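For the protein sequence lines, the chains are A and B, in the order given. Residues 664 to 990 (this note's numbering) make up the first sequence, in order. Residues 9 to 306 (this note's numbering) make up the second sequence, in order.
Because the hints were derived from the structure by calculation, they are not lab data. Be aware that a few hints might be false.
As the list claims (entries may be wrong) - Derived contacts from chain A toward chain B, CB cut-off under 7 Å, selection only:
hint, residue
1, L732
2, L734
3, I735
4, A753
5, L757
6, S762
7, V764
8, A768
9, R781
10, S784
11, D786
12, L931
As the list claims (entries may be wrong) - Dumping the calculated DMTMM-like pairs for lysine to aspartate or glutamate here, alpha-carbon to alpha-carbon at most 20 Å:
hint, chain 1, residue 1, chain 2, residue 2
13, A, K795, A, D751
14, B, K302, B, E224
15, B, K302, A, E765
16, A, K696, B, D303
17, A, K813, A, D799
18, B, K302, A, D799
19, B, K75, B, D86
20, A, K952, A, D933
21, B, K75, B, E180
Said to hold, decoys possible - Stretch-level coverage of chain B by chain A, calculated; a stretch enters the list once three of its residues show a Cβ under 8 Å from a Cβ in chain A:
hint, segment
22, 44-57
23, 133-147
24, 247-261
Predicted model, so just to flag it, every value in this text is computed and none were measured. Note that beta-carbon positions come from the ideal geometry of N, C-alpha and C, so glycine has one too.
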Amino acid sequence: MATGESAVGDVVDGDVAVGDFAVATHGLTKRFKQQVAVNALDLMVPRGAVYGFLGPNGSGKTTTIRMLLGLIRATSGRHELLGHAMPDHARDILPLVGSLVEGPAFHPYLSARANLSRLDSVDRHADPRTTKVRVDRALDRVGLLAAADKRYRAYSQGMRQRLAIAGTLLAPRELLVLDEPTNGLDPQGTREVRHLIGSLADDGTTVLVSSHLLSEVEQVCTHIGVMHVGVLLTQGPIAQVRAVGETRARVQTDRPQDAARVLRQLGLTDVAIESGWAAGTLGEIAAEKIVAALVHDGVPVTGFAIERPSLEDLFVSLTGEGFNVSG
Amino acid sequence: MSAADVTNGMASGLNDGSITNPVDRPRLHLSSRFLRSELALIFGRRRNQAGMGILAAVPVIIAIAVKVSTPRPGRGPDFFASITSNGLFVALAALTLELALFLPLAVGAIAGDSVAGEANIGTLRYLLTVPVGRTRLLAVKYAAIAIFSMAATMWVSLVGAVAGLALFGGGEMTLVSGTQIGMGQAVLRVLMATIYLGLCFASLGAIGLFVSTLTEQPIGATISIVVINVMSFILDSIPQLSWLHEWLPTHWWMSFGDLLRDPIAWSDVTRGLLTAAGYALVFWLAAWARFSSKDVTS
Numbered sequence: 664m665a666t667g668e669s670a671v672g673d674v675v676d677g678d679v680a681v682g683d684f685a686v687a688t689h690g691l692t693k694r695f696k697q698q699v700a701v702n703a704l705d706l707m708v709p710r711g712a713v714y715g716f717l718g719p720n721g722s723g724k725t726t727t728i729r730m731l732l733g734l735i736r737a738t739s740g741r742h743e744l745l746g747h748a749m750p751d752h753a754r755d756i757l758p759l760v761g762s763l764v765e766g767p768a769f770h771p772y773l774s775a776r777a778n779l780s781r782l783d784s785v786d787r788h789a790d791p792r793t794t795k796v797r798v799d800r801a802l803d804r805v806g807l808l809a810a811a812d813k814r815y816r817a818y819s820q821g822m823r824q825r826l827a828i829a830g831t832l833l834a835p836r837e838l839l840v841l842d843e844p845t846n847g848l849d850p851q852g853t854r855e856v857r858h859l860i861g862s863l864a865d866d867g868t869t870v871l872v873s874s875h876l877l878s879e880v881e882q883v884c885t886h887i888g889v890m891h892v893g894v895l896l897t898q899g900p901i902a903q904v905r906a907v908g909e910t911r912a913r914v915q916t917d918r919p920q921d922a923a924r925v926l927r928q929l930g931l932t933d934v935a936i937e938s939g940w941a942a943g944t945l946g947e948i949a950a951e952k953i954v955a956a957l958v959h960d961g962v963p964v965t966g967f968a969i970e971r972p973s974l975e976d977l978f979v980s981l982t983g984e985g986f987n988v989s990g
Numbered sequence: 009m010s011a012a013d014v015t016n017g018m019a020s021g022l023n024d025g026s027i028t029n030p031v032d033r034p035r036l037h038l039s040s041r042f043l044r045s046e047l048a049l050i051f052g053r054r055r056n057q058a059g060m061g062i063l064a065a066v067p068v069i070i071a072i073a074v075k076v077s078t079p080r081p082g083r084g085p086d087f088f089a090s091i092t093s094n095g096l097f098v099a100l101a102a103l104t105l106e107l108a109l110f111l112p113l114a115v116g117a118i119a120g121d122s123v124a125g126e127a128n129i130g131t132l133r134y135l136l137t138v139p140v141g142r143t144r145l146l147a148v149k150y151a152a153i154a155i156f157s158m159a160a161t162m163w164v165s166l167v168g169a170v171a172g173l174a175l176f177g178g179g180e181m182t183l184v185s186g187t188q189i190g191m192g193q194a195v196l197r198v199l200m201a202t203i204y205l206g207l208c209f210a211s212l213g214a215i216g217l218f219v220s221t222l223t224e225q226p227i228g229a230t231i232s233i234v235v236i237n238v239m240s241f242i243l244d245s246i247p248q249l250s251w252l253h254e255w256l257p258t259h260w261w262m263s264f265g266d267l268l269r270d271p272i273a274w275s276d277v278t279r280g281l282l283t284a285a286g287y288a289l290v291f292w293l294a295a296w297a298r299f300s301s302k303d304v305t306s
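With the rest of the complex left out, here is chain B:
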């Protein structure tokens, strides 16, 4: 976020000349304080901490359930079947299960809150009169959403890895394509898959930021984001709409599995990253277009 701060700083530096009495102007301090304040608000809020607890419960439940049940071999190369061979697969199984609803819901809650939450309790008008420039506000808000998206995904993955390794141990990993890789490589692959999904959720967060500028009801914004997410999955499952599938925001999410092939099948992952970047850019700009000239009457 410091990048946007620096840009704003330079812009206002240029403005100096137009102010007749620059002595009156207090000095500018470039820092990431606003972003850190945002993150403190997000991660310090009890509701969000409870949400993180729920996100963490899934990998723990998976690990314990697999541990206490009898293995059922021969169900194909899904991550569940592989858990007993390498605990890291708990992380991947947990991501698979939380990808459709829990993680998007978490991102939706944060993104929905970002602007609508401040408008709802009235603090938005006080941020804007400090002043916080509207572009800077959206940049910092989105940076916080993106960091949260990445952190929440990492969190699920980390808890899954720790629970899995504790119950099943690590060692060599047999990939989806049948090849075996060492433990170090395996950790790297899981990390790559996690980052990929984190970026995907961050792009959903941009849609959320846009929705959040449309309303003063954070819950409404959150519900809308979840609806958009679920709708995307539904459309993706209707074969007659196959022409649309590759453009859906969620279509490439499951491609994170391609990062666990040998060699890595980059094509879908690349498409996924481009799609995510496209959605992030378009919806951030939409949020900006909406918010930069909006009358703030909350």
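In isolation and in its complexed conformation, chain A is listed as follows:
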């Protein structure tokens, strides 16, 4: 929790004013009968960020997103979207928010095109004269234009997911809330969605993307927040959050004992030796010094690597447990 607070503090104390948050929650809590699904959440998504909202299945991500969008009421706490209090300003703010919540949902016996037109027709901010163009453009952007007249029921899971993303692109948005957008997609589809998120962010759209697959999101995010059993463990710019973990230098050599001695002399800690390699925690030591020192001492180096902790390692270090479903 301490890391979580410091991360939030850093963001707020930086050059980012409170009004510059696309999403800001204050003590947001949701209790379902006995269970606290989301506990005193202070989620802060700066404008322009791609925020990876991470956590295992059942950690409260979707419940949070439902609260953000006004689908369910918070038990306590409050939140703002794009600087305006929700749900009071839902009517004015939600048109600027595209959302994908808990998987795609469309009328099975309507075509993809008819489904998107239906969504557009209930939007009182949408101009009916441009519906056709906007629907086709959204379908094109997710690569579904060729299958636009197929019934939704004939769509594969991956196509359904793409259609749901197309639904969020019907109007210009300032914020996209994407709940598990890569669910059911093949590796190629996952790459495409990542690319799409990147290109939307380049246009200035803030993206809040939730995922239970850490590695999937890692590459595209500028910020991350990690949920666990309804609590936000940490959040902030991705480099800052990852800096919490320890970076290790690993030397591949046929003389690991000698390599380890050099590493210790340089001031690396937690030096470990196994057959074929030696490794130590880098701390403040500059990585480029290491190889030079090794060579200088005549230690043959066959490989060298700097290992940043993966988000998965980070998660384990934060929770003391794996990235599994928590009841």
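Here the structure of chain A is known, so what remains is to put chain B in place on it, guided by the hints.
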């Protein structure tokens, strides 16, 4: 439905001042698109088209059955006995037969689907995040149910009139009270009776809308509406409960026959319309009270 849309439009217009950056707000378009989309969903769905076919089968069967059978005179002033004298009576006979189950079932299917159907397939959450205001959603959904109720009743009546006139011809109509009226008057009277029943079914639709907000299972909602309907008929047939009868939602439905008297016996019809309006209002408000603050977890 445009009325509710206009109201919402005005309300959000008033909100403008509280938004610090109104430039960000896209322009509002007032239109009946949502309602038209609803109607397209209802009437475009194959299941509902099949249902309309079944509703239409009854007057056709009546007309043919009466045509091929020998007339049995002297059975009193029911619509069946009058069919051979004027084909328009097929419409009235069909309404009489479908009033207890088929038409309420049709309305129940549509009303049950209205909210529970969207919740069941998950589209409800996407409607609400577009956003569609919850009050507007219920207003448009109910308008669509009411229009369907009226359309289904009209459909039965129209098919009956066409089949009847084709097989038996039109001309002067002998009313229940014995008076004769011209063909134009006769069409008007049948139309009035049809509209009256359409409004009655629309009020059942409000009960359906309410039930539909209670569940995520549209079939369950439909069954509940039919059960409520049948229960009302059963209670209405128990003499010991006569104090209750005039308050039952279905009690005044058969009074549509009063519109075929001369002069028209307005008292029961008026009671029927007031009862229908009362049920519609109370159950629409109940649906609103239930739905406006409900957590949508579907």
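Given hint D799(A) paired with K302(B) - CA-CA distance at most 20 Å:
This hinted pair is violated, its Cα atoms lying about 34 Å apart.
Does the CB of L732(A) sit less than 7 Å away from some CB of chain B?
holds (5 Å)
Per-stretch coverage check for the segment 133-147 of chain B, three Cβ contacts closer than 8 Å to chain A:
With 9 residues closer than 8 Å to chain A, the segment 133-147 of chain B meets the three-residue bar; holds.
Just to be careful: measuring from the Cβ of A753(A) to every Cβ in chain B, is the smallest value less than 7 Å?
For A753(A), the interface hint holds, since the closest Cβ of chain B sits about 6 Å away, which is under 7 Å.
Taking 20 Å as the top limit, are the C-alpha atoms of K795(A) and D751(A) close enough?
Violated: K795(A) and D751(A) sit about 31 Å apart, past 20 Å.
Are the Cα atoms of K696(A) and D303(B) separated by 20 Å or less?
Answer holds: K696(A) to D303(B) is near 13 Å, not above 20 Å.
Hint check: K813(A) vs D799(A), CA-CA at most 20 Å. Holds or violated?
holds (14 Å)
Cut-off 7 Å, beta-carbon criterion: hint that D786(A) touches chain B:
holds (5 Å)
Does I735(A) pass the interface check with chain B, least Cβ-Cβ distance below 7 Å?
Where the cut-off is 7 Å and the nearest Cβ of chain B is about 4 Å from I735(A), the hint holds.
V764(A) as an interface hint toward chain B, with CB separation required under 7 Å:
This hint holds: V764(A) lies near chain B, its Cβ roughly 5 Å from the closest one there, short of 7 Å.
Next item in the hint list is L734(A). Is there a CB on chain B closer than 7 Å to its CB?
holds (4 Å)
Status of the hint placing L757(A) at chain B (closest C-beta pair under 7 Å):
Holds: closest Cβ of chain B sits about 4 Å from L757(A), inside 7 Å.
Consistency with the previously given hints fails for numbers 12, 13, 18 and 24, ordered from lowest to highest.
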